[in-house]
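**Student:** Here is what each chain is made of, one letter per residue.
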Amino acid sequence: MRFSSLLSHLSAVDAASPRHLGSDPEIHGAQAIDLAGEGQLCFLESGSGLTAALAETGGSAVLLPCDEPLQQQATERGLAWVALKDPRLAFAEALDALHPRVRPQPGIHPTAVIDPSARIGAGVHVGAHAVVGAAAVIGDGCILHPGVVLYHDVQLAEGCEVHAQAVLQPGSRLGRGCVVHSGAVIGSEGFGFVPTSSGWRKMPQTGQVVLEDGVEVGCGSTIDRPSVGETRIGADTKIDNLVHIGHGVTTGRGCALAAQVGIAGGARLGNGVILAGQVGVANRATIGDRAIASSKSGIHGEVAAGEVVSGYPAIPNRLWLRCSAAFNKLPEMARTLRKLQAAQD
Amino acid sequence: MRFSSLLSHLSAVDAASPRHLGSDPEIHGAQAIDLAGEGQLCFLESGSGLTAALAETGGSAVLLPCDEPLQQQATERGLAWVALKDPRLAFAEALDALHPRVRPQPGIHPTAVIDPSARIGAGVHVGAHAVVGAAAVIGDGCILHPGVVLYHDVQLAEGCEVHAQAVLQPGSRLGRGCVVHSGAVIGSEGFGFVPTSSGWRKMPQTGQVVLEDGVEVGCGSTIDRPSVGETRIGADTKIDNLVHIGHGVTTGRGCALAAQVGIAGGARLGNGVILAGQVGVANRATIGDRAIASSKSGIHGEVAAGEVVSGYPAIPNRLWLRCSAAFNKLPEMARTLRKLQAAQD
Amino acid sequence: MRFSSLLSHLSAVDAASPRHLGSDPEIHGAQAIDLAGEGQLCFLESGSGLTAALAETGGSAVLLPCDEPLQQQATERGLAWVALKDPRLAFAEALDALHPRVRPQPGIHPTAVIDPSARIGAGVHVGAHAVVGAAAVIGDGCILHPGVVLYHDVQLAEGCEVHAQAVLQPGSRLGRGCVVHSGAVIGSEGFGFVPTSSGWRKMPQTGQVVLEDGVEVGCGSTIDRPSVGETRIGADTKIDNLVHIGHGVTTGRGCALAAQVGIAGGARLGNGVILAGQVGVANRATIGDRAIASSKSGIHGEVAAGEVVSGYPAIPNRLWLRCSAAFNKLPEMARTLRKLQAAQD
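Chains as they are written, first to last, in the working numbering: chain C, 1 to 345; chain F, 346 to 690; chain X, 691 to 1035.
For the record, the hints were derived by calculation from the structure and aren't laboratory data. Among the hints, a few may not be true.
Here chain X is said to cover these stretches of chain F; the calculated rule only asks that three of the stretch's residues, wherever they fall, bring their Cβ under 8 Å from a Cβ of chain X [to be verified]:
hint, segment
1, 435-449
2, 499-507
3, 510-521
4, 536-543
5, 570-582
6, 616-629
7, 674-682
Simulated coverage check for chain C against chain F, where a stretch passes if three residues somewhere in it have a Cβ under 8 Å from a Cβ of chain F [to be verified]:
hint, segment
8, 36-42
9, 335-342
By construction, the Cβ of each residue, glycine as well, lies at the ideal position given by its N, Cα and C atoms.
Construct all of the structure, not just a fragment, from the sequences and the given hints.
**Tutor:** Right under this line is the structure:
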């Protein structure tokens, strides 16, 4: 597609947007600016470490920030460009235009096994060897990829996509447009056992998992149902791969949980919470709106709204940075201390 | 079910158990005491942080500890109640009574693929698209949910339940009443490679995994078989989601391993060991009976029976608590040290 | 098989290799030296902690290092033995001889669902309920175990083995002799979202995952594809269970990544990098050739070639060992500091 046509797919581009079409190159793909070649689109953000790459990129077109010197440089290099407030967002839109998603055709594969009591909406795709249990409700336009298993009493609102080998256990409720990636398990039994004199006694897990609209769950992630009540993931929350969410956890809207995060039973996250990779959250901890935990931190008790925490046990990030720097000087500190002590004796 | 009927399902209730039936309410479900509503059962333990909730609960009935003031308060509030030594255990029994498990019907789904050499016991359920390999032995009353794959030479004793998409690799042996949750993989090849001048050479993994009676393995957890000998999980050990257990590990009876724990090859755990979330155990470490490791700790070498350890490398929990508190004061300590040094110079 | 026959399977054994056949025992299996019994082979390495076990082993034959006292001891105990430079490597070869791999028969199971546009090589085995998507290319001699799902446009070179329930997403490219274990997901969408005023906007993930020749991916591990370009795993790299590799990561040849390692998007590893269990690597970090990170360490920024690092944030291992030792004495240091300060005041 010509660069000029591509522009029509970018929501932020209007008549007033600064641009330079140059030879209006044919764009057949996209790449990072430092790796892009002939016919490829790339983008550059303000303050990016990749700014220098603009001078050398082999790409044919670039989405630029509102920064005139960069625009001038791009023009001099003969690149086609447009300038926008959010080049990354425009790049996402351009990728969708260049690589339109191929939706699987509606229809139920003959090898799928659908319980007669299940209700299947319009335009639904059910892939090979998928299994849909009793009393399931599949909303319009949902896609179940091959090998998906839905136990009984699972409900998906419109437009959900469930990838190959994902499993939705009894009682799972998915809002509109949820995406469950391969190997994820939603609604499995929470890890609840009562200690008795003859060993562990299972606490029945009779609750359910609710994913609100637009939740995305990564590959191999697990979200357990509780003994009573709900495990609830707030709308627009995005969960990466291999994340564990224990029984009875609730999160607010728009959280982002990076890979290998673990959240123990009963923890409560506010809106917009961001947990970096391998963070752990203890039983019944509470995390306020828009708080951020850096990778590998371990959270007990309470984190206030807007706080940035690090370390284990997690403390304010700024303090942690100073403590960590001091940690690396501990042998030196110990030596100094011994000297001072010797001098005093 | 009436509260009076529910009592007949609680093993600890006898004629002498203190109780107050009140209006003998109809109980149709259960909830936590602070969330319970009309017609719901809840419970309260001695010393629980939820004690204050008794004054406000909307529930209709409550399982109480042996504590007369609480009992009096419940009566005054018009709640039906019974008092027992272990209200949590009674709550587990009540949940089973209120939500009886629906066992899938015995029978083999027509889409299941069973090797002719497999031996299938009485009353076994094999779900859609399950695959049972050569020489497998499935004990009476086992349940294989849809999509389960058993490689050749797998043996399940009576009453095991294997959830959708779990995989049992060659040689796996499961004792009575084991539960394997969705996506778990039992008996996969251990991670063993010999370094050679031309790269890694696979060490064949010819051993097997043995789960003793009553073991439960969480979603997505993996238990590897060793090059020789066994990986053995002791009876009644409960394993949460996304846990990795390396080749040749052995655990005692009744251990509890929380989510995302990783245990490297050859480690040995005693009886009743508890590892909290994201704990790591190094190659050939040994952990004594009833030792406890708090979340995210990393264990090398040896932990004595009954010890509670924390941190990485793990040290006794009490010491670690003090060291962690001091860690947060490191910048201050460094400043003090500089002042003292300056004063001395 | 007689011990003398077994020797013919060991590549390092020649006419000059020191040996003692004794009664040339029949060898029917193998075990660790401290557990071996009648008819079992074991091995011993130089400097192994198991050296003392030679005096007591119940095994019938042992692969020894080039160490005459050990050889003499073995002869005196009546053990059959051979001495080699690398007994562990020979043990691997012996295990292959004692337990020859049973390759599934070539052929496509009648329940497998193969898109008509897929090209299937010679001698390929496709197990029950496997699904092969459009335009897939399966090289000669590949094995797809039951329940494997290949999305469209997946290519496997010759001799790959994909275990039950693994999923290869669109665009995945596997080199010769790759092994993908059960539940692993290759080529899933990277975790990329653009923050907007109305919530997270998915960054399309249009790139692909490339596994070079001889890569092995453990159970439940996930390797994401990037928005543009490649995620590339270098030849002969071995990946353990439950490892997460983010979008756009590249690794060199012969790396070893232990269980539960997490590598965030865009990180770059050199050749021969070793990451121990539960290590985390941050976005865009770079790790030089043959660097090693000990378990649970967290890597940001850059690690030089050949370095050994530990801790979080990771620092040189030697420094970390000293800092960790000092950490355990922090309460004592704090006390000393208070005393010194009091004395000065």
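**Student:** Next, verify each hint and record whether it holds.
**Tutor:** For each hint, the structure was consulted:
1. Counting residues of the segment 435-449 of chain F whose CB falls under 8 Å from any CB of chain X gives 0; the rule of at least 3 is not met.
2. Residues of the segment 499-507 of chain F lying with their CB closer than 8 Å to a CB of chain X number 0, which falls below the three-residue condition for coverage.
3. Counting residues of the segment 510-521 of chain F whose CB lies closer than 8 Å to any CB of chain X gives 3, so the stated coverage by that chain holds, three being the minimum.
4. Requiring three or more residues with a Cβ within less than 8 Å of a Cβ of chain X, the coverage given for the segment 536-543 of chain F holds, as 4 such residues are present.
5. As drawn, the segment 570-582 of chain F meets chain X at 3 residues by the rule of a beta-carbon pair under 8 Å; at three or more, the given contact holds.
6. Check on the segment 616-629 of chain F: 3 of its residues sit with their Cβ under 8 Å from a Cβ of chain X, so the three-residue criterion for coverage holds.
7. Residue count for the segment 674-682 of chain F with a Cβ under 8 Å from a Cβ of chain X: 5. That meets the three needed, and the coverage hint holds.
8. Counting residues of the segment 36-42 of chain C whose CB lies closer than 8 Å to any CB of chain F gives 0, which falls below the minimum of 3, so the coverage claim is violated.
9. Coverage of the segment 335-342 of chain C by chain F holds. Counting CB-CB distances below 8 Å, 3 residues qualify, and the rule asks for three or more.
Violated hints for the displayed structure, listed by number in ascending order: 1, 2, 8.
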